[in-house]
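Asker: Sequences listed follow chains A and R, in order.
Residue numbers are given in numbering that gives the first Met the number 0: position 251 of the first sequence equals residue 250, and the series is strictly consecutive.
Residue numbers are given in numbering that gives the first Met the number 0: position 52 of the second sequence equals residue 51, and the series is strictly consecutive.
Treat the hints as calculated values from the structure; they're not laboratory data.
Certain hints may be false.
[What the hints assert, rightly or not] Pairs of lysine-lysine, BS3-like flavour, derived with a Cα cap of 30 angstroms:
id, chain 1, residue 1, chain 2, residue 2
1, A, K283, R, K470
2, A, K277, R, K277
3, A, K275, R, K213
4, R, K213, A, K277
5, A, K277, R, K275
6, R, K286, A, K286
7, A, K444, A, K420
8, A, K277, R, K283
[To be verified] Computed footprint of chain A on chain R; a stretch qualifies when at least three of its residues, placed anywhere within it, have a C-beta under 8 angstroms from a C-beta of chain A:
id, segment
9, 421 to 428
10, 480 to 492
11, 519 to 528
Quick reminder that beta carbons are idealized off the backbone N, C-alpha and C, glycines included.
2 protein chains.
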Amino acid sequence: MAAASISSPSPTSSSALKHAFSDRVPIRSILCLPDGGASLSGQRVRVGGWVKTGRKQGSGSFAFLEVSDGTCPANLQVIVDASVADLGSLVQTGTCVQLEGTLKEPPEGTKQKIELRVEEVLHVGPVDPAKYPLPKTKLTLEFLRDVVHLRPKTNTISAIARIRNALAYATHTFFQNHGFLYIHTPIITTSDCEGAGEMFQVTTLISEADRLEKELVKNPPPSESEVEAARLVVKEKGEAVAQLKAAKASKTDITEAVAVLSKAKESFSKLEERFKQKPGIPQKDGKIDYGVDFFARQAFLTVSGQLQVETFACAVSSVYTFGPTFRAENSHTSRHLAEFWMVEPEIAFADLKDDMNCAEAYVKFLCKWLLDNCFDDMEFMAKNYDKGCVDRLRMVASTPFERVSYTEAVDILIEAVKGGKQFENKVEWGIDLASEHERFLTEVKYQKPVIVYNYPKGIKAFYMRLNDDNKTVAAMDVLVPKVGELIGGSQREERYENIRDRILEMGLPTDPYEWYLDLRRYGTVKHSGFGLGFERMILFATGMDNIRDVIPFPRYPGRADL
Amino acid sequence: MAAASISSPSPTSSSALKHAFSDRVPIRSILCLPDGGASLSGQRVRVGGWVKTGRKQGSGSFAFLEVSDGTCPANLQVIVDASVADLGSLVQTGTCVQLEGTLKEPPEGTKQKIELRVEEVLHVGPVDPAKYPLPKTKLTLEFLRDVVHLRPKTNTISAIARIRNALAYATHTFFQNHGFLYIHTPIITTSDCEGAGEMFQVTTLISEADRLEKELVKNPPPSESEVEAARLVVKEKGEAVAQLKAAKASKTDITEAVAVLSKAKESFSKLEERFKQKPGIPQKDGKIDYGVDFFARQAFLTVSGQLQVETFACAVSSVYTFGPTFRAENSHTSRHLAEFWMVEPEIAFADLKDDMNCAEAYVKFLCKWLLDNCFDDMEFMAKNYDKGCVDRLRMVASTPFERVSYTEAVDILIEAVKGGKQFENKVEWGIDLASEHERFLTEVKYQKPVIVYNYPKGIKAFYMRLNDDNKTVAAMDVLVPKVGELIGGSQREERYENIRDRILEMGLPTDPYEWYLDLRRYGTVKHSGFGLGFERMILFATGMDNIRDVIPFPRYPGRADL
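So that you can see chain A by itself, here it is in the shape it has in the complex (with noise of 0.2 angstroms):
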């Protein structure tokens, strides 16, 4: 994209390069070029990245360096000369330069098709390579999940973050071009949208309770006679009062007692609220009392953003909720996190069909634009982790999704056992699909895309919508090559008396959905959405194993770094 901003490579000012807000001009605005630089030779630039390599050469008397700012995957090949600047303290990996010098066109025969002739050092940040945890060598993706706060200055991280910005502005855009409205669904939530409990919690009860303590600690509660004689003083200064009053006394006389009672009530009061102070989370009945809790009930991190965004599609028709959520699994396995971002859409006036439409063409813009903007990285990728991630992107972009019914997919299923194909899980209608049937639907029998669509209602949520045949609903999973299910959506169900219906059905109470009924009760429309799990997409992209290693700050049982 850089790239198209100065697509007119001649003629070139350094200061039509340079970043706008940075003293730099960025390195990707150089070697992104179609001709790789070569026709900016000649310009007189300031870079500033960090050395990735270097090297003395020619007895001492300059250096190479292989500079990278993060902005591409590839580094700027830098040669410094001894009387420009001290070159051992250049060298070093991790070092950060800002450098002015003139670009040049490397000798032929070098892989370069242009480098810089540093005539200025303006900065630089040292490295003790003693220190430093991340030297040249090759280290371990497990390795880097240690030192998460460094791990960005490493090409693979660098690269997926690149590839997950673009993924990321890519899900934007095609919601925008398509007239959706981005909705921001709140992150704590009183509503259990799935009901499934493994929720976060979110207080400050026990912070309160710490603070407390605390204050107990330095400023003790009153003792029980403390209150008592306070209680005392009060009843004396009241029969003072009126013992006045009875005299028919003076206004002034009795205006002075009042006052003095008000003061001695208040005093009461306040001793008798730090007498009722107890350390601990404040409890009734034998419970936690959610009562004094934030919200004043319990809170949690939502699961989903789904059921909030319907209140929006159901007034404005077309939206989609682009956020974090959050799952306390305790899930060690290389498939979750506790903390990951999903993408909703949610349209008002269609049905599964055009959900499904929605699904296919957004996965394939997503496709279609990592090609066109982040080529590259993607190459980087296919070198070092996955040699079939290119090609799986030009083929998903290219080929139209399968689409079989779920009664279908089972019966390919069934079939393959009987050819010998050998499942961990057995395979029969009503069973949820396990992971090992879905890559297998995509991966062997239709090697691209499927989508899998009306489910047993059974191992369905309550919201999606009955089929006429009353035994499955409109929902709809998207199944790729590599991560297997991608999106899981559905049609929901609009008509009020079945989805009160399906909720008492499945054992929840109404009271906490009366507002998602409400939906249905004034102005109810057809509507479908569906949800993409963003890491998973990164994971489909990039052909990356671990999904710790495609989110900048991976969190899961026991770690939560920075």
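Following the hints, position chain R against chain A.
Answerer: Just chain R now, kept in the frame of chain A:
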């Protein structure tokens, strides 16, 4: 923008107008054409939406409906004949309708440029007017906060939703155009950025304790004597093994006895573990044992992504975060939320001046974007809430921001006081500027946005870069009419010794900041950034007074609906 996508209005086929993934033509695609839709006369279209007002006419022979689908502030005028549908069910406010018909130019002299003559009513989602909480009469914003799930159906809340959406996409577009990468900083954090402490705690300890309590009721723990008995069994079985070994018994006998012993050990250790289980939140040394909490330590909701996003700025140069942030402040004002959204860019190789340039360009871009893309919604806000809001956007988009140092600003305020201006808060060098001071500078003195920079170090955070005067830091605030402070930012302290000293000086522990110090230890770089309160920007743009009305689902003390 929808208008742009169908910029050549003739020949337009209704399929070109149609929403890609739903069974309707968005009303925006009709009414937001430059000619108000007149050129579409004769087109057969299908639309869907909700009835704003409806009335029967001609002794009940036909009805006029004003229909909105939330895609633009204007309603489509619709005429339905009594022969086509039961008019009584259609005219109620809030009714959902899906209609097919032909667009026609209305009789001359009417406001509309186009209206729909209905030929078929495809769907009616009825409303019982006796129960519907949103009658046609004008409702207060306070009232609407109690029906947060229905308020998107109102003109005001849907207009704000479209403006909010536009500002969000403008934000991404601005930073993407300038080569910034969008980084998802964590929501759950174990770092307290501001050291302020007003954070929500995230925990599974309470739900785990609840689970355990239920479990212990269902399956009571063993008694001490049961545990003791099991211990004796282990001892006995151990002795049996020892005896067999001493007696050089057969291998089979010994193996069998060893198996019995391990079974006894296993059942003893299970009993012992269950015996140790205590209801309530687990304690250790008289304190809550966070070692058994989900993340094995105390975790909180983030108050800012700045420190974390700096790890990416120090690797990939230009980054931004845009996400929810949280304050557990017991604040009931119209300017505070417990959950709100922040935009936080961070730029490597950038100083305070670059930072100010970026902030100014960003705010101008947002204003211009709204004028270009949301003009009809802005006109709605101007008409109904703040007649100056469109002019304010124009002024900010086109006027260079005034830049004054904190010291100059204080001098100006002191001069104003001398001239008779009264402030509630005393003005002297060293104070934190109060809202009244900020608004005086931007609304009275300069009547345009003002950037105040170089604040006293005593009132600013530890990470801000110390200026050479040793008294001030390279901080800046952008002040705008209507809301005062819109942006706060700074150049970050990149010098290791300086920042370590500042942490110590402020009495903070260095341990939690070691990772942050590492960014200065290894390849440190000059960098700057700022934070924009996204809801403040919406207040500024729309002229709304209460922050609870510009976020879809407001969270504040005592309230977290849905």
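Asker: Against each hint, give a clear statement of whether it holds in the structure.
Answerer: Status of the hints after comparison with the structure:
no.	hint	in the structure
1	K283/A <-> K470/R	violated (52 angstroms)
2	K277/A <-> K277/R	holds (21 angstroms)
3	K275/A <-> K213/R	holds (29 angstroms)
4	K213/R <-> K277/A	holds (25 angstroms)
5	K277/A <-> K275/R	holds (26 angstroms)
6	K286/R <-> K286/A	holds (20 angstroms)
7	K444/A <-> K420/A	holds (11 angstroms)
8	K277/A <-> K283/R	holds (20 angstroms)
9	421 to 428	violated (count 0)
10	480 to 492	violated (count 0)
11	519 to 528	holds (count 6)
In this structure, the hints that do not hold are numbers 1, 9, 10, in rising order.
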